[in-house]
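Reading the sequence shown from the start, the letters are residues 1 to 243 in the numbering used here.
Rather than coming from a laboratory, the hints here were simulated on the basis of the structure.
If you're wondering where the values come from, they're calculated on a predicted model, not measured in any experiment.
Possibly wrong hints are sitting among the right ones.
[Stated by the list, open to error] Computed Cβ-Cβ distance ranges for the label pairs, DEER-style:
(1) 45 with 236: 30 to 38 Å
(2) 103 with 224: 24 to 32 Å
(3) 55 with 224: 30 to 38 Å
(4) 236 with 93: 15 to 23 Å
(5) 111 with 157: 18 to 26 Å
(6) 109 with 89: 16 to 24 Å
(7) 152 with 112: 39 to 47 Å
(8) 178 with 106: 20 to 28 Å
[Said to hold, decoys possible] In silico DSSO-like cross-links for lysine-lysine, where the CA-CA straight-line distance does not exceed 30 Å:
(9) 57 with 74
(10) 62 with 172
(11) 164 with 68
(12) 177 with 57
(13) 74 with 236
Glycine included, each C-beta is placed from N, C-alpha and C at the ideal position.
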Amino acid sequence: MTTVLIIIAGIIVTGFLAYAIVNFIPKKLHWIISIILIALAAFLVYKINFEILKPIKFNKEKKVKYAKVINNLKILRDAEVAHKKVIGTYTSDGEALIKFLDTAKYALTQTRNVPKTINVGGGITKEIEERVVDTIGYEDVRAYFVGRDYKNMLNIPGTDQKFKIEIGEIEKIAGLKAQVFEIKVDKALILKGMDINLVKQEKEAIGGEEVRGEYIRVGSLTEVSEDGNWPPFYDKGDKKDSE
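Required output: the full structure, derived from the provided sequences and hints.
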């Protein structure tokens, strides 16, 4: 919209100057007007290019900022999943989550079938196989976070603030509740200092190649999900690393 207004303003000013030159300005001063018109044309070209390139630059910088935030959200998500696997619940205590990664261990198990005789009544017995799970060792949870800066995963990159972890319960089916977690950050905080109008548009994004909605989020307090709301574009590096 700004670019269109600049173009319209340029056309009006140019028309006015052309009329003034022909009707009011002596010929001996036309060279001065020519310089002014050249300068004005150069200014208009600059402004138009600036307005065209502004959203391109915004999107480029935005993706860099988002990628850093999403990286920390992925670490937090994986830490919460690990905590639930070992402890049985999610946690809203971020500092405790870091300590958990430093000290917790996964139990390594092995499943085997053991023959067993059961009495089915009337002096009759029956041979069955009972599944038994044996713990054969332990493995540090921290081993799954090698190369990932989990010590600083609570920090929101580019800001002086920390992520807030929320946990809750929802009824998945009648009588069965499931624990859920959610970690989110307002896009406006991440994009602070950038063009206000473009930030407003960004917060209204509906998906596709954009992060949906006002927040960058992982998990949900309204459904059973450990997913983030960002597009696959931000996960390409993960797929490459896992190959």
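Discussion item. Need the list of violated hint numbers for this structure, in ascending order.
Written reply: 4, 5, 10, 12
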